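Colleague: Single-letter residue listing:
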Amino acid sequence: MKRFTALGAPRIGLIDFPGSNCDRDCNDAFERHFGIKLIPVWHTEHTLPQVDAVLLPGGFSYGDYLRSGALAAHSPIMGAVKSFVSKGGAALGICNGFQILTESHLLPGALLRNRGRRFICKFVNLAAGSGNSVYQKQLGQRALRLPIAHGEGRYYIEGEGLRRLHDQGQVAFRYADAKGQANDESNPNGAVDNIAGIVSENGRVMGLMPHPERATDRLLGGSVDGLAVLDTFLSSFM
Amino acid sequence: MTTTFKLSDTAQMTRPQQIDETPGPAFTALMRKHKLTGEEYARVKDILGRIPTMAELGIFSAMWSEHCSYKSSRVHLKRFPTEGPDVVVGPGENAGVVRLSGKLCLAFKMESHNHPSYIEPYQGAATGVGGILRDVFCMGARPIANLNALRFGLRSHQRTPHLVENVVKGIGDYGNCVGVPTVAGNVSFDASYNGNCLVNAMTVGVIHEDRIFKGYATGQGNLVVYLGSATGRDGIHGASMASGSFATSENSERSTVQVGDPFTEKLLLEATLDVLDKGLVVGLQDMGAAGLTSSSFEMAGRAGNGLYMDLDHVPVRTTAMTAYELLLSESQERMLMVIEPHKWEELRAVLDKWQLACTVIGVVTDTGRVQIHHKGLLEVDVPVDPMTDLAPKYERPMRPRVKDALDPEVFNQQVTAAALARGPEALLLAALRDTGDKESIYSQYDQHIGTQTVHGPDAQGAAALWVRSEWADPSEPYLGVLTAAACNERYNRLDAYLGGAHAVLKAARTIAAAGGRPLAITDCLNYGNPEVPEVMADFSAGVDGISLACRELSVPVVSGNVSLYNETDGESIAPTPMIGMVGKIQDVRKSPTATVTESAALYLLCPLKVRPQFGGSLAAKLLDQSLQAGLAPEIDWHAEREGMDFLRLIVDKGQVSACRDVGDGGVITTAAKMVAKSGLGLQLDLALTELARYPELAQYFGEISGAFLICFNSGDESKALQSAATLRYNAVIKVGQVVDSSKISWGPWSMPLKVCHHAFTSALS
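Those sequence lines, one after another, are chains A and B. With the first letter of the first sequence counted as 1, position 215 gets the number 215 in this note's numbering; the numbers rise by one all the way through. With the first letter of the second sequence counted as 1, position 703 gets the number 703 in this note's numbering; the numbers rise by one all the way through.
To be clear, the hints were calculated from the coordinates, so they are not data collected in a lab. Treat the hints with caution; some may be incorrect.
Here are the simulated DSSO-like pairs of lysine-lysine, each with C-alpha atoms no more than 30 angstroms apart in a straight line [to be verified]:
1. Lys375/B to Lys35/B
2. Lys609/B to Lys621/B
3. Lys677/B to Lys621/B
4. Lys754/B to Lys122/A
5. Lys343/B to Lys103/B
6. Lys122/A to Lys438/B
7. Lys609/B to Lys734/B
8. Lys179/A to Lys754/B
9. Lys743/B to Lys754/B
10. Lys103/B to Lys37/A
11. Lys438/B to Lys621/B
12. Lys393/B to Lys214/B
13. Lys45/B to Lys35/B
14. Lys122/A to Lys743/B
15. Lys179/A to Lys677/B
16. Lys734/B to Lys754/B
17. Lys137/A to Lys122/A
18. Lys677/B to Lys743/B
19. Lys353/B to Lys37/A
20. Lys734/B to Lys677/B
21. Lys590/B to Lys677/B
22. Lys743/B to Lys621/B
23. Lys35/B to Lys71/B
24. Lys33/B to Lys45/B
25. Lys45/B to Lys393/B
26. Lys103/B to Lys590/B
27. Lys179/A to Lys743/B
28. Lys78/B to Lys214/B
29. Lys278/B to Lys214/B
30. Lys137/A to Lys37/A
31. Lys278/B to Lys103/B
32. Lys677/B to Lys122/A
33. Lys45/B to Lys71/B
34. Lys590/B to Lys122/A
35. Lys71/B to Lys403/B
36. Lys82/A to Lys353/B
37. Lys122/A to Lys169/B
38. Lys37/A to Lys278/B
39. Lys438/B to Lys179/A
Quick caveat: nothing in here was measured; it's all calculated off a predicted structure.
Looking at chain A on its own, in the form it has when it is part of the complex (with noise of 0.2 angstroms):
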């Protein structure tokens, strides 16, 4: 699945903090399957090199020993891409990267402790919801399979904000049992409204706590899932 303009291969940066540690598999999906190579950006950077788009990766940046990503939301480099998100740039955070990308309000809630208090790794199934982004639009009402792994990952927004969420068609992915009905059963975590992932108004930001780089190869778990997931983020800039 090669996608290239007229330019060449898309330039993507991928943020690394001390403590990201599914930076290596990032890589590893898009060189494989994409042709892509990621360009490294160090936290301790001010401005991004020339990028179309920048990737969030997870793990837990500078421990996590706050609140999960509360430190890297005020990295030097965060505030290099708020301005390119606030350009319209496009920006994809995974599992950590999702919650910097909350912690940093570019997108709108909280990731917090699952129910239960225990960390979770498993393949859950997600529903996409219905709205005007790319990736509503190009995974339409599709159910995905892919792989979580975390201890904070309950999405939570309070009453006003959520009514938003869905009236704009935020709500990109829900977490739904294999017949794509999300209920109690199938909420891991105790995510408001089964959310596991959400786009900003613009559609351009999406952050979800499924880990789509780790669904690329049916060998792995038995779902290619996450290459859909991907390809509709490079899509959303392209």
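Guided by the hints, dock chain B onto chain A, whose structure is given.
Modeller: Just chain B now, with coordinates in the frame of chain A:
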């Protein structure tokens, strides 16, 4: 920061006060605290030629502790077979290394963290994972998988739930943060662990054959550099704590448990691989047990050099630490490095990126002595070689256990009668509950990070990783690493020799069932108090049993660890020689799981000379029968080798969809676990097998060695059976069907599927 050291004339330095060796209660208490015998203390004075300082006493106590010196076990460990065509680095280094494919090698080791985990389960287990990760990455290997083997007391024991909860959380939080997947493990519950849980952690890493790094302090004038977390008072005397028994009345050992910081570990991992890759370091060693002491003595010893260090430069996190405390602290996430002076600036730039503190604390000398200076005093001046060469080494007395006089046949009949009285249906449910689903444990571990996990813990067999590396032979694009840990403590309690062999065999069969060839093992030898002759005899027999199996299967031992004194109030644990094994499969796409997902015929691969036993069986445990009576399953080495070769052959031909080694609870328990999560039923009938010669209950619940349950891919059955026709020591017989039904039936008995499923999945709740 100092970059050059002027070698002061240590001879003119002032020495601190020596210890007071006036005989009396104070001196006796001092010796007891340092776990040194009178004879050992006399040897300390011989080596020094004078009375030791307090810091020196601490050093000898730590370095000569059972944990660091292997003083009770060393004479036995020499009997392990350690060589083989694939071995690149054998025992004695931080981890063993075997060749996997092309220049790609695996570095791996298992280590115990039993004592700290019992005292403070969360931190004890977490720092156990941290320690074994550092052992592997300080050789230059990138960790790709973690495993753990856990043993707890009975579930009804008051302390067990607390230990399970926190040990699992500790392992998870640490490994998840560092970003290494936990892919396999095992856990069991036995009364003998009521006062001593076992936490054995294993790490597997990948490394280039020509870039293996060893801990040598070479090059006189080179700088000794301290890297990582600052030193605090945590973990002082950890090594000697791990070398003594517990008494329930003593709770004061708590202060010696270390505290882990997985975030710093992750930085240390990346920084270490970075500086090794850039060639900035001459020698490097983790500060593990006995901290700065053991790392400095070991690095100097291997290189035949001396070291001079000034403790005033050691970064500290608390005030007024003495030399004694600085030297014996087991603060975590620290490394000792030796570098060439001109590389200091470049090194510092790399470490700055990772925000890690590093300081020059000393220099490599030609004195053959470790000399340590603190606050103007020469606190330590110890010759390196004599300290190692003259370390105590004991051939402790051994006395084989008196075996239960009961005739094994009579015992088998007793267990059979008890099983029939309880009801075979109830026995199966109890077996499923006892050995059932571990999802509530492994779902707390990140199993997928690294995107190599083909079979994780949910596959219930060996873990399988798809290793993609430019160092591997390019003709193996789907190269797979298989790994498993195993030990049956009940067989070991019954017969420590056969038990040791069974532990190796179980690991080998688990890997063979996934289609792999074992490459090498690491071991964690967990035993009781070595000063008890029966325990020492068990230990020696265990080493012989492991060695036997390794020779019979051509699998060398390349690394390992010994944990003795697992004893509380005079009660030793069951011998538990935990085996960690790595293996290879050329095409991991063909690797079957140990669980079925669709209807299929079920076959049994079984040695012709099979004889089911109830000695040490799961049935005996569940039916409250003696765990000291009867026989563990006999081993037919011809059949074991032939069976495993056959499996590898048919897996390589792509004919196998599922395969599982027959283990605890016999054929029916194994078969029920194979289908437990599939939603499918099972019909099992052993009438056509060699087992049919035995009483029906023994056929299904008796334990045997060398057998496997197999499902073939549809259309491949006849081809596989054709290959099986050439077997000389085994037979492959159709024994049933995995079917879309609502029950599990075996022989004359049956149970509703729902009930079995519930027993299996509620195992740990």
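Colleague: Run every hint past the structure and note whether it holds.
Modeller: Hints versus structure:
no.: 1; hint: Lys375/B to Lys35/B; result: holds (28 angstroms)
no.: 2; hint: Lys609/B to Lys621/B; result: holds (25 angstroms)
no.: 3; hint: Lys677/B to Lys621/B; result: holds (25 angstroms)
no.: 4; hint: Lys754/B to Lys122/A; result: holds (23 angstroms)
no.: 5; hint: Lys343/B to Lys103/B; result: holds (28 angstroms)
no.: 6; hint: Lys122/A to Lys438/B; result: holds (13 angstroms)
no.: 7; hint: Lys609/B to Lys734/B; result: holds (18 angstroms)
no.: 8; hint: Lys179/A to Lys754/B; result: holds (22 angstroms)
no.: 9; hint: Lys743/B to Lys754/B; result: holds (8 angstroms)
no.: 10; hint: Lys103/B to Lys37/A; result: holds (25 angstroms)
no.: 11; hint: Lys438/B to Lys621/B; result: holds (20 angstroms)
no.: 12; hint: Lys393/B to Lys214/B; result: holds (25 angstroms)
no.: 13; hint: Lys45/B to Lys35/B; result: holds (16 angstroms)
no.: 14; hint: Lys122/A to Lys743/B; result: holds (28 angstroms)
no.: 15; hint: Lys179/A to Lys677/B; result: holds (19 angstroms)
no.: 16; hint: Lys734/B to Lys754/B; result: holds (25 angstroms)
no.: 17; hint: Lys137/A to Lys122/A; result: holds (27 angstroms)
no.: 18; hint: Lys677/B to Lys743/B; result: holds (13 angstroms)
no.: 19; hint: Lys353/B to Lys37/A; result: holds (22 angstroms)
no.: 20; hint: Lys734/B to Lys677/B; result: holds (22 angstroms)
no.: 21; hint: Lys590/B to Lys677/B; result: holds (21 angstroms)
no.: 22; hint: Lys743/B to Lys621/B; result: holds (26 angstroms)
no.: 23; hint: Lys35/B to Lys71/B; result: holds (13 angstroms)
no.: 24; hint: Lys33/B to Lys45/B; result: holds (18 angstroms)
no.: 25; hint: Lys45/B to Lys393/B; result: holds (17 angstroms)
no.: 26; hint: Lys103/B to Lys590/B; result: holds (23 angstroms)
no.: 27; hint: Lys179/A to Lys743/B; result: holds (26 angstroms)
no.: 28; hint: Lys78/B to Lys214/B; result: holds (21 angstroms)
no.: 29; hint: Lys278/B to Lys214/B; result: holds (16 angstroms)
no.: 30; hint: Lys137/A to Lys37/A; result: holds (26 angstroms)
no.: 31; hint: Lys278/B to Lys103/B; result: holds (19 angstroms)
no.: 32; hint: Lys677/B to Lys122/A; result: holds (15 angstroms)
no.: 33; hint: Lys45/B to Lys71/B; result: holds (19 angstroms)
no.: 34; hint: Lys590/B to Lys122/A; result: holds (23 angstroms)
no.: 35; hint: Lys71/B to Lys403/B; result: holds (28 angstroms)
no.: 36; hint: Lys82/A to Lys353/B; result: holds (23 angstroms)
no.: 37; hint: Lys122/A to Lys169/B; result: holds (16 angstroms)
no.: 38; hint: Lys37/A to Lys278/B; result: holds (22 angstroms)
no.: 39; hint: Lys438/B to Lys179/A; result: holds (26 angstroms)
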